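> One letter stands for each residue in the lines below.
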Amino acid sequence: MNKLFQEAIEKEALLATRRHFLSSLGTGIGALAMGSFVGSCGTQSANNPSSLKIPPHFGKAKSVIFLHMAGAPSQLELFDYKPVLAKFDGKECPKELIEGKKFAFIRGIPNLLGPKATFAQRGQAGHWISDHMPHLATQADKITFLKGMYTDQFNHAPAQLLMHTGSARLGRPSMGSWVSYGLGSENENLPSFMVLASGGKNPDAGKSAWGSGFLPSIYQGVQCRSAGEPVLFIQNPAGVSSDIRKASIDAINAVNQETYHEFGDPETIARMGQYEMAYKMQSSVPEVMDISQEPAYIHELYGTKPGEEAFANNCLLARKMVEQGVRFVQLFDWGWDSHGTSKSGSVDWGLHQKCLETDRAISALLIDLEQRGLLEETLIVWGGEFGRTPMQENREGKAQDFFGRDHHTDAFTMWLAGGGTKPGFSFGETDELGYSTVNGKTSIYDLQATILHCLGIEHESFTFPFQGRNFRLTDVFGKVINPILA
Amino acid sequence: MKQVWLFLGILAAGFGGYYFYDRPAELTVDYSTQVKPILNKNCISCHGGVKKQGGFSLLFQEEALGKTKSGHPAIVPFHPEKSSFIQRLHSQNPEEKMPYQRPALSPEEVKILTTWVKEGAHWGEHWAYQPLQNPSVPKGSWWKQVLSFVGIQSGWEQNDLDYFVRDAQKTQGLSPADKASKAELLRRLSLDLIGLSPSAQEFADFDKDDSKDAYEKQVDRLLKSPQFGEKWASMWMDLARYSDTKGYEKDDGRTIWKYRDYVIAAFNQDKAYNQFIKEQLAGDLLPNPSESDYVATAFHRNTTNNDEGGTEDEEFRTAAILDRVNTTWETLQGTSFGCVQCHSHPYDPIRHEEYYKFMAFFNNTRDEDIPDDSPYYRHFKEKDLGKLDSLKTFLRGQPAQVQKEWNLMFRFVEPKIHPHWADQFDNGALADNKYLAVRNSGSVRFKAVPMNGKAELLIACKNRGPAPTYLTIRQGTKTGPVLARIKLDTTLQDKYAKPKGQWVNGWAYAFFPMPSLPGKQDLVWQFQNAKTKPDETTVTIGFWAMLPRVPENLRASEFHTLAQRLISSAPEVTTPVLLENPSEFTRPTRVFTRGSWLNPGPQVARDVPAIFKASGIKDRLALANWIGGKDNPLTARVAVNRFWEQLFGTGIAETLEDVGSQGLAPVNQGLLDHLAYQFQYTFNYKPKAFLKYVVMSATYQQSALVSDKIREKDPNNRYMTRGPRVRLSPEAIRDQVLQWAGLLSPKLGGPSVMPEQPDGIWNAPYSGMQWKKSDGEDQWRRSLYTYWRRSSPYPTMVSFDAGTRDVCLSRRIRTNTPMQALNIMNDPVFIEAAQFFARKYPELDGKTYIEKAYQDMFGLPISAKKTGALLQFYDKMEAYYAGHPKETLAFLRLCPDNTVPAKPSRLVAKTLLANTLFNIDESINKP
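In order, the protein sequence lines correspond to chains A and B.
FYI, in our numbering the residues of the first sequence are 1 to 486.
FYI, in our numbering the residues of the second sequence are 1 to 927.
Chain B extracted, bound-state conformation (with noise of 0.2 Å):
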């Protein structure tokens, strides 16, 4: 037996310790389910990936098994005996005694950990980590199957999945409940699908189909409306962190709204999960990208920003890439990764420097902290993109490197040399933190530039007096080889350009020809401006940049001129983008010591950790290859297991943020792999294929209602025992409310827009910027659309757990406070709103309002009890507005619709009753 173990401890180490041999049939203990817990819960945090206390670690097989600082292993296969790790369990010395100065682990814990070192200690890969199979599908005995096949006794279950639910369910003794009423089915469907709750026509409509596919019918229909993009849009905007602004201090705006459209259009078009995560991660790689590849980037241009004066750029970039990396781990691949920053993983097997190498992936984007949010898309105007067109067919005929160099700089404006890469600063500085100011006879060093040949200088720079400053650039020092001699003044700027003599945007961008120098350099630039006094800037620099050198021919033509037109026009709108820095510009990705920038540690390499067993994968198009590839185990199940919080509340492992030891286990793994390979092979990642499947199920059609006795064995529902009665998102919260009241504007995508909101939230330091309420139709927008402010989100989204999107969140924990209730009684928007829907129904009495006004919004009759507490305060309020004038007044004129009925009273009446509806439960739970 020894040998055997000492042949497989070779062959282990021989496979760099990551060689997983199978677990004999006849084990008793399993790895994965039982000790890795009792490890995760009891040891791990003194013997794992941040503490290796005597030397001894448990999260690698081959730590756990080696030799220990005493010189001996731990844990020896097949002798527990002989194992310090299970004699020191029992250990009566409390210096000995295992875990350390903390309570003994029960017999029964005891027992398992004895049992799998007898067992010869195997190892196991924990579950999220083992390639994807397909489970077979729990039918139950043969005859029942065929019974079922020939029709003669049909269960409950309507497809696959439903096996697997009630499998689950019998092994606890529980049993479904009955299907919902047609009405809670289409608002639950229409809520879950769209995010809107159906409009009274659509109740009417569905409940007077009799056909035997009447629910497919709707889910057919909700699966195809334009709004089924903006709900799964919603929660894709957690994930991605999208925001209007950059987050810290004057946490200043950002136009990256085209990013929201191309997710809403993306769930719109049904694109294949794993091509919409190869475009958000590297689009800017695909072949030939388009101007959607390319805004799908914006994903990772989320990140904040950090603009305020004096903040390290390099600092903030580094943050944006670690956030990348952390996003990309939480999002897609449901992996807590943040902690392998500082340390290995402290309970899965991800080593330290594999964070950096997997880092190595984003570190090379072109963007730097900039507060112009560098580099974007120019989405050009209509009229720019003749010279677009002009300017390349200049160009045909140059080599193919030229015509791509120019071509990027027509379109993104870079490889741009920033402000922040000058060093050496004489009688000049970096102002507010974006621009070079210099004085006269000032001078800055711009070290190991890359030049590579490149010829052709492009400088962005505004002269601030009336006379011209000369720049001199000097190769390495200021007593170096003059290169170029440059008069910097107003009649740089576009000769074209109306009205005559203005800058454009401020700046003046200009060609300058210089000569042909290789590699790397460093160049002093040096400014004389004799008129301007020893205080004055002179001249500020925004940025510069080198192109290739186009023949004197075209040098001469209108070709620079039009290049000049183009790259200073404002475009359209831009939308930030990754764009992978030229390899001349390539950063070097170092491990930080204990996770610190400023501690950098040995360069490293491209590479996913080890324990997924890819390798060669090269870029990060190879890397979004591989995360949507097949051989990934994590990013079908993270993504169902998704979809399925989404439809039914919580997901099948609970903890979407983390599938790996640490997060919750699978409340029914054979479920979650059904569903991921299903999505993954027979839907080809196809989320409206995977969502029908799951909503055409027996489960998800149940009914709300449960008894006690089920309630009490599964009170959270875990075990999918009835419909999913949850609370609603802030989004459909409001959203609801705007389509009841007839407010709500179909309108798709688009910037984002302001509704109303007191005055006084936006209150950030330095920061100009206004809560402007949009005008007509936009203050009635869904609610995707609100202008997301980091420092202050719309408080109905902040009332209801939303999160501020500083980072990504994985699941909004739902919460149930007293300021919900204020936000939905006093809040003006559901105020107006209950004044709009009361108006539709000017004629009713009372008692008829109530009832009609609940079957229009839930499709449901009201119970007589509802509606006599209902009608109890109607009344009341009727009486009392009567006798108060002037209170009605007053509250009617909060709404923009004011023209005072013949019976204000009754309007006041049904305008509170209409909010009393939207506070109620049928309205902020689904059905």
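Only chain A is shown next, with the shape it has when bound in the complex (with noise of 0.2 Å):
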């Protein structure tokens, strides 16, 4: 094959399809990253001398792992501490917060609902943070907290989606796709997106969460799967072994060499590297799905139990992944839309268990990255899709059987570490109630370009060309937030 990945290196010149596609598509960044598409694609290596596809001039960061909790976790019982509406609980909500606004499920006057947690102040940085989460409470000092995130989404499909692809509606790519299509992967054998859910459920939004829009797919997110084989199609059949596979991937690589010699195509030699790509994946992908091989105090500190869906797997199987050279993780945990209509979705005892379900592992992937070096290279970016109200949720005009809260959209709690954020900080501050930001006050798109300046990405330039406009991720809005930068 050697002889072939020569040929190969040799027809690069030739490889014309994408490179007329990209030309023909604009120039500027897309066109830079997409000429190199080839070689993410696995082509061969000697391709990819470096698979960054833009130069890292400012960014610190190399990967993401973007931790979502998806139905929007409650600031006010975790991080955003507001005694003044202890106080309150229970009283009518002051008519002028919510005049002209629009919840999901409140209607008329609900009553305010103070803390259902307990607060103190955590390390050097002295952080608030409730009793919830007692794990990440030492680790105070590696994050810098954004508390007055807002967005103009009160559900949670749309939030997710304006979230991960910078659009309410359906359509666009996601972050991890921008990225990938940017950044290409450090792993040709492993894509360079990847994503992982807990919680029994796919996020409210869905694949486009991860999809890739208008960018071709295969920036699309790989979504490795918890039960079954970890990747779609990724294991043999049953009775074939890999050395079989190996045999048919030869057999199918000699006929296209064939072909290849006829038509010449350049489309075939692609193919033929895709296949051997296919092949190294098959005991790449699951080499590093599998935490069974990690040392027993690293299980101690995630809490994993090997074989079992759970978000404490997926952090640890977000660390290797990264240490492979995936470029972007994405985690979803669902459960966290604490509506008080069941006890499991109360904000005091259902918050708690999600938080018992995450908060070590979370803390975990932290002291991980760091005792190998890599927190300073990787970005952990923590939130939902948005907040959470300081009024008791009132469904359909009458009291809920547990403590609870509607969708928020004014003022949320979202937390960086690692990657070049300012450790120990916390930007942004909510009025005295945790209704309104009143300043640092943080749009999802600012998140956005904030998370790919931390990658060495300039959301303002990086554009990709469609329907005769240059997309980007952040629309046409965005500001890195320059303050929470090491």
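One thing to keep in mind: the hints can contain errors.
Label pairs and their computed distance ranges (CB to CB) [unchecked claim]:
| # | chain 1 | residue 1 | chain 2 | residue 2 | range |
| --- | --- | --- | --- | --- | --- |
| 1 | A | Gln371 | B | Pro751 | 52 to 58 Å |
| 2 | A | Lys101 | B | Ser70 | 43 to 49 Å |
| 3 | A | Ala399 | B | Asp372 | 27 to 33 Å |
| 4 | A | Asp431 | B | Pro828 | 53 to 59 Å |
Simulated from the structure, these hints should not be mistaken for laboratory data.
Owing to the predicted nature of the structure, the values given are computational and were not obtained by experimental measurement.
For every residue, glycine included, the Cβ atom is placed at its ideal position computed from N, Cα and C.
Assembly of the complex is requested from the two constituent chains, each provided in isolation within its own frame, with the hints serving as guidance.
Here's what the structure looks like:
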């Protein structure tokens, strides 16, 4: 096969289908990245000297792990401590706060709901973190908070789409696709954008949250499955060993080699490379997805149990993936929608359960990345798609049986760590009730611009021409949140 | 000269700025092809439809030549030395130099712009907006034509289009390839026209046929095949963003497959393309629309719906309308219109408010993002058709309007007033975002409901408890005059329904007389049921509607009972359709400031953008007529470009989605215009005649073999120097494998099916939907029929670039990925098919099997080298599995036909070999 690869390199100049596609679509970074697209397909490593399509002038992060708590966790029980809200617990919400506002379920005048968790200041930084997250509390000095986040979408699916694609409507590429399009993969045997879901469900936005939109489909996120094969169709059929598979790929490529000599179509050579790559993925993906070989102290640290569909396992997998050069790892954990319509959906007991499932693993991820020297080059993002109201939800105009909060767009908290962010820092502040942001207001687009910035991508010039327009992740918005950068 | 200019300027202004005077012949620089590309690339992002820095924009002529903020025009025609537009290109001052803070233009570009100004800065129109003309066929010198005519020297060309292709090739010093072999030709033709590979028999028949018109006979056979419609419907599904689900969150199901059947039938009937468009855009507005006309309008009901709890229906209704506007432009007009939602078009001369004028055509359909996809056509069960006839008989003699409204109610149950119309909830709410749920003493208001004298109230309700709920309807306010007192209880339901006392669809549908009130009224509905607990729902309302009251004798007859029974009867199937609002429901359309529906601006009336110089288009039907009419410069061009792309892999203008000035210019505009003209005028928009014209050309029939020299000069085959050897669609890749295996079901049309799919793919929240493998032949239907769920499309479709159908997709960008390799190698569908295939050749030894299999699949003998490679693999497999009985059985068990033959290791080897053949280039490419 070496000879073949040699030939492939020589024919690289002829690998023109995509080149043409690129040159025709426009110039700039997009074209630059797409020009090396064949490389990121893994045709041959010689063609892929540096997978970085954009020189990392200012980016400290090489990869991103986005921990999305799907359903939107309550900032008021976790990080945004509001003692004044506690004082007004059970009182009617001031009219001026809700006048003209629309909520997903709150109707009429709801009552305020004080924090249903105990808070304390943690670490040197003195971050307020509630008892729901005792492990994370020990990592406070690694984190930078964004307490003034806001969005304009108060329903899950559109809000998640906005968070991940920069548009509340279906059809745009996701952040991970943009990033793999721009930066490629550091490991040609693994997809550059991988997705892990826990909590028993996919997020409300569905596959579109990691779709490639109008970018070529190679940039879509590859979802790793917690049951069955780790990636769809990666396992050979029963009775077919790896050697047999190798033999069949050799046969396919030998036939294609002949075809190539006949027609000289560069796509044929590219395809032969893809079959080789598929074979390599068949061992590299299960390897990266196998946590059973991790030492006991790592399992102890994360609280992982091999073979389970669990957020903790996914955190450990995420660490393994970025270690192996995967560019963007997207985690979704389902079940954070604490409306108070059930015990598990309450902001006290229910939210606490979700924290029990995730807290240890998240702090383990921070510890583990740091001890491997990877935290500086790995950006961790934690959050939901919006926040929760300082008011008790009163769905259909009646009181709920459990403490619960409705969807809230005006203020919520997210946090980042590593990847060039300022540790032990907090940006943005909400009013005394936690209703609105009073300073340090940051939008979803600002967050996206900042994530791209950490990766060394300038969000305003990182575009892809489609339908006669240069599209970008941040649409026409977004400003890098400079104060949180180290 | 100045005076002339002044005169022209006045004239231009007088024509609203859209007067394009002819370009004098002596000009050396052309605006559209030379100037506009430079402006688009370098200037227009700051001086265009989005930004107008310094008050200067290059989008519209009058803006470009008008005064800027400086008080002077930036372009002074005939005077580059007075034009700051030119002077600032040369400036050394970084604050003045243009393009601002960006690399300077090349000397060549500067020269073009300077000459352009010097020659008078004549404006031009983008090629695609110019009227379609019949370009003369470049047949070369007259003597060649004469010789050709008398048959002395017959050239390569088979028909007129070939002359355009050849002409363009000559300019590049290129020449066409040889004719493809018969087998290659038949496989290409078959995949292109019906999406399937020829059978072994079809290959053999064609090979034996030595008649002169042997090829043409194959073309005609394939055009007549019912599978023709399936193949071309596959293309249309992406454009129509067809899906069996609604998109957001739980991504629940939607029954809309009859639309797919409509598209298949339309292609099979060779429906004229402009008629096809007309029915889809405005079938409901045709005189006496047929069932098929209504179903056609489902084209624009393929928009996504959001049923998520707490969503604002108006937000997603608006989103659907915007999508209809964008889809109409992209799929039918090849114009990216989405940009204009927020501001004037950045590159093409379309203004912001023109987007909303166009949106006004679509903004008055009855659909309102309702979870049940209302309004929908009710395809009645056979047994209910009699009821409909009787009801029509009852109504005979009533005023036409009365008949019309009742018939609308029977067929569509429209116009419904949905619960989201309600406000001022008191002890009541929108339950699950769908129903009006109220408790004892609850009340709601319906504001400004059109009554227009209608005095028959239809309510769909569920009374929750054993005791009746009393509904009082008041006019205006909670204390206003009482219009009706109504008892809602279980006796409301159809007394003829069997078994007795059971709810029909869980809902009771009942009529109540109301006083006749004029115009629009506020109604307050108050509910009393003292027997329910304070926090219990006493009644839920699904919808209500007003109808013209029929005379008392008719009311007293069976008419109402029958009407109630028909309205409550479950139809055989339903299809969401477009239904224009009755006039009293008309919605005003407003400009959305910066594209946001929350910032409505001034109201606008229906119109198409001024650039098209079409006025007086009144409604959706007139719009559809204009799109399919002879004055539309885009429709035929965009259509033939699409058809061409299906056959050749790339459009003549590569950007199918955008033929505007920012799209790629056609590589051969003469060819595109020729084809468009032929399609529109010679073939009267008939797809079959047009496709026949193209596939009969010499261009189409070329071999894919090409010399290195030509490949170097034309690496992407943009000049059609060879056959289009491009990767097949995922549909074709799966379908042909099923076909080879003898599994493919020939069933035409019908509901979507669920073939084999690994577990755990469907995982949407709050959804009880399950992927349930279809029984029998339904698991092996053509891929077109595979159930399409937007949040999780079928894996093979995803791997092979099919998109999600959230929005329309004009072209699938072909990629080449390891996931595709894994898909064909390991997907159980392909393994199962391989075994079925292998079982067809039980007797053959390895070598013969390889030769026969290849011959049957591709109609060609396999080369010795390929046989050698495959035989080596085959022998290795047979030897291995002969020594591994456990693996052999495990593998054979993957197939439903798991009878174990005498030499099981041979079957495994043959199966693995078949799967290898499924993976090779011959299989996944067009020959």
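> So, for every hint listed, does it hold in this structure?
A quick look at each hint next to the structure:
no.	hint	result
1	A:Gln371 to B:Pro751: 52 to 58 Å	holds, 56 Å
2	A:Lys101 to B:Ser70: 43 to 49 Å	holds, 46 Å
3	A:Ala399 to B:Asp372: 27 to 33 Å	holds, 30 Å
4	A:Asp431 to B:Pro828: 53 to 59 Å	holds, 57 Å
In summary, the structure agrees with every hint in the numbered list given earlier.
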